[in-house]
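As you go down the protein sequences, you meet chains A and D in turn.
The opening position of the first sequence corresponds to residue 1 in this note's numbering, with each subsequent residue numbered one higher.
The opening position of the second sequence corresponds to residue 1 in this note's numbering, with each subsequent residue numbered one higher.
Misleading hints may appear alongside valid ones.
To give an idea of the interface, some chain A residues facing chain D are shown, with a C-beta separation under 10 Å as derived from the structure [claimed, not checked]:
1. Ile252
2. Leu282
3. Asn286
4. Pro313
Some chain A residues flagged as far from chain D (calculated, every beta-carbon gap over 12 Å) [said to hold, decoys possible]:
5. Met62
6. Thr84
7. Ser139
8. Ile141
9. Thr165
10. Pro196
11. Ile213
12. Pro251
13. Arg255
I should point out that these hints are in silico values taken from the structure, not numbers from a laboratory.
The C-beta atom is built at its ideal place from N, Cα and C for all residues, glycine as well.
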Amino acid sequence: MSDCVKLNSREMAEFAAEGLLRFDGIVPDVINQQFLAEAGSVDTPSGEKGSNRTIKSLGNLMAHSSLPEVTPGTVLNTAYKETTALGELVRLPVVRGAIESLVGPESMVDHHFLHLALPSSYYKAAGIPQRTQHTHQDSTIDPRRAFDIQLFYFPHEVGPDMGGTRYVPGTHLRIVSESAIARYQNIRGQQHVVCPAGTLILMHHGVWHGGGINRTGEARYMFKIRLNPSIPQVRLWDTSDLSPRDFEQRPIFFRKEAMNPNDIASLLTRPQPWFEGDTGRLEYINRIRFWRYLLGDENFDADYWVTRIENEPSVTV
Amino acid sequence: MATKQQVLVLYLSSSALDANVIAWAHYDGTGKDDHMSGDSDEPLYRSGMEALADGWRLIQASPLAAHAPGDEFRTGYLKYEFFFEKLINDE
Chain A
1 MSDCVKLNSR
11 EMAEFAAEGL
21 LRFDGIVPDV
31 INQQFLAEAG
41 SVDTPSGEKG
51 SNRTIKSLGN
61 LMAHSSLPEV
71 TPGTVLNTAY
81 KETTALGELV
91 RLPVVRGAIE
101 SLVGPESMVD
111 HHFLHLALPS
121 SYYKAAGIPQ
131 RTQHTHQDST
141 IDPRRAFDIQ
151 LFYFPHEVGP
161 DMGGTRYVPG
171 THLRIVSESA
181 IARYQNIRGQ
191 QHVVCPAGTL
201 ILMHHGVWHG
211 GGINRTGEAR
221 YMFKIRLNPS
231 IPQVRLWDTS
241 DLSPRDFEQR
251 PIFFRKEAMN
261 PNDIASLLTR
271 PQPWFEGDTG
281 RLEYINRIRF
291 WRYLLGDENF
301 DADYWVTRIE
311 NEPSVTV
Chain D
1 MATKQQVLVL
11 YLSSSALDAN
21 VIAWAHYDGT
31 GKDDHMSGDS
41 DEPLYRSGME
51 ALADGWRLIQ
61 ASPLAAHAPG
71 DEFRTGYLKY
81 EFFFEKLIND
91 E
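Using the sequences and the accompanying hints, generate a full structural model.
If you want it as structure tokens, here you go:
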């Protein structure tokens with residue numbers, strides 16, 4: 001397999017806290033162009049009416065696309081031929097390194113899918129309203145400690161009118177049931193993808209997200225690959241930057257010096273705008289427990305959040 | 001003349017009605033406004049109290065539930081949900 005540039009501990013802690021890592025424009029344009037050619041183009045509007053029209057357009061595109069079908073559980077290393085755009089993409093050293101840091105060297109393809117945001121002209125021709133996608137968490141209720149990642153690949157530039165994927169950082173550790181969260185139309189801190197061609201976002205499977213409305217005249221493409229780990233996700237990244245300081249407790253609440261924002265503890269306790277007062281603290285606890293899993297260290301704590309609630313002095317007679 | 005309902009759902013940062021809005025949804029039975037997911041990044045009101053002051057009637061608030069043993073630290077759905085309505089005479 002190709003060289004890889006693994007994530008460092010700060011990037012991993014950011015992933016543990018936010019549930020995602022974003023790499024703007026990381027995929028070279030030659031691969032982006034190859035991907036778009038292999039994906040194929042969507043049918044042009046023909047005036048056909050009916051709500052199944054967009055589904056038929058996508059069906060036609062998949063049927064004639066050069067993108068491969070992949071059986072669930074296929075090892076990533078064998079899923080995409082090296083000469084294809086996707087084969088080249090997953091072998092880029094930074095992409096390969098990020099994947100291996102999160103789900104290991106022998107991760108498996110769960111599935112992939114081409115997500116299309118069709119332009120307004122399609123909806124007008126079909127006589128159906130153009131709506132954003134409800135906010136949801138993919139798959140189903142998933143209480144595992146292990147996690148899958150999803151690569152969101154944007155092969156062309158996404159402008160503000162193209163309805164780039166909406167996502168809510170830090171929601172990945174919430175256990176919900178897929179579209180049960182659809183009622184939350186807007187959430188403080190939500191992000192809308194606007195990006196250069198070749199952008200990749202690697203997300204924990206639990207991040208809440210949804211597609212927007214494409215108000216331009218061109219279809220928007222986003223390709224998503226879900227990857228499963230095949231080994232425990234413990235210290236798979238480049239841990240050479242971990243120091244004793246990253247394991248030490250630090251004074252809390254009453255402090256005489258500002259906290260270093262790059263401390264692992266700082267990264268794990270960075271709040272989100274949507275945090276509730278009380279459950280925001282539970283988010284810290286769950287992030288710390290997630291970091292314990294990644295670190296393989298059940299004694300790790302940040303700012304005493306877990307130590308305090310685990311303190312059960314035993315009575316000796 | 002038909003009376004139609006507008007519904008505003010606010011999610012607050014605590015169980016207090018004067019707490020900050022962290023998420024929101026808006027449904028307009030008159031059909032004049034069409035709200036959908038991701039259509040605004042800032043809420044119309046900063047707190048539930050501001051919505052009351054603007055004439056919204058509180059019709060439901062989420063109860064405070066006990067924490068199930070063993071499940072105390074699990075997070076899921078937003079906890080502090082407040083439903084408001086306005087009744088509109090739609091000519």
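Quick rundown of the hints versus the structure:
Restraint check, Ile252 of chain A versus chain D: the minimum CB separation of about 19 Å is more than 10 Å; hint violated. Annotation: Leu282 of chain A was flagged as interfacial toward chain D, and the flag holds, the nearest CB pair being 5 Å apart, inside 10 Å. The interface hint given for Asn286 of chain A is met, as the beta carbon of that residue sits about 6 Å from the closest beta carbon of chain D, less than 10 Å. The closest approach between the C-beta of Pro313 of chain A and any C-beta of chain D is roughly 20 Å, which is over the 10 Å cut-off, so the hint fails.
At roughly 26 Å from the closest C-beta of chain D, the C-beta of Met62 of chain A stays outside 12 Å, upholding its exclusion from the interface. Distance check on Thr84 of chain A: its Cβ is at least 33 Å (rounded) from any Cβ of chain D, clearing the 12 Å threshold; non-interface status holds. The beta carbon of Ser139 of chain A sits about 15 Å from the closest Cβ of chain D, which is more than 12 Å, so the claim that it is off the interface holds. Annotated as non-interface, Ile141 of chain A brings its C-beta within 12 Å of a C-beta of chain D; the closest such distance is 9 Å.
Look at Thr165 of chain A: its CB is around 10 Å from the nearest CB on chain D, not clear of 12 Å, so calling it non-interface is violated. The claim that Pro196 of chain A lies off the interface holds: its Cβ sits roughly 21 Å from the closest Cβ of chain D, which is beyond the 12 Å cut-off. At roughly 8 Å, the least C-beta separation between Ile213 of chain A and chain D is not larger than 12 Å, which violates its mark as non-interface. Every CB of chain D is more than 12 Å from the CB of Pro251 of chain A (nearest about 24 Å), matching its label as outside the interface.
With a least beta-carbon separation of about 24 Å from chain D, Arg255 of chain A lies farther than 12 Å from that chain, consistent with its non-interface assignment.
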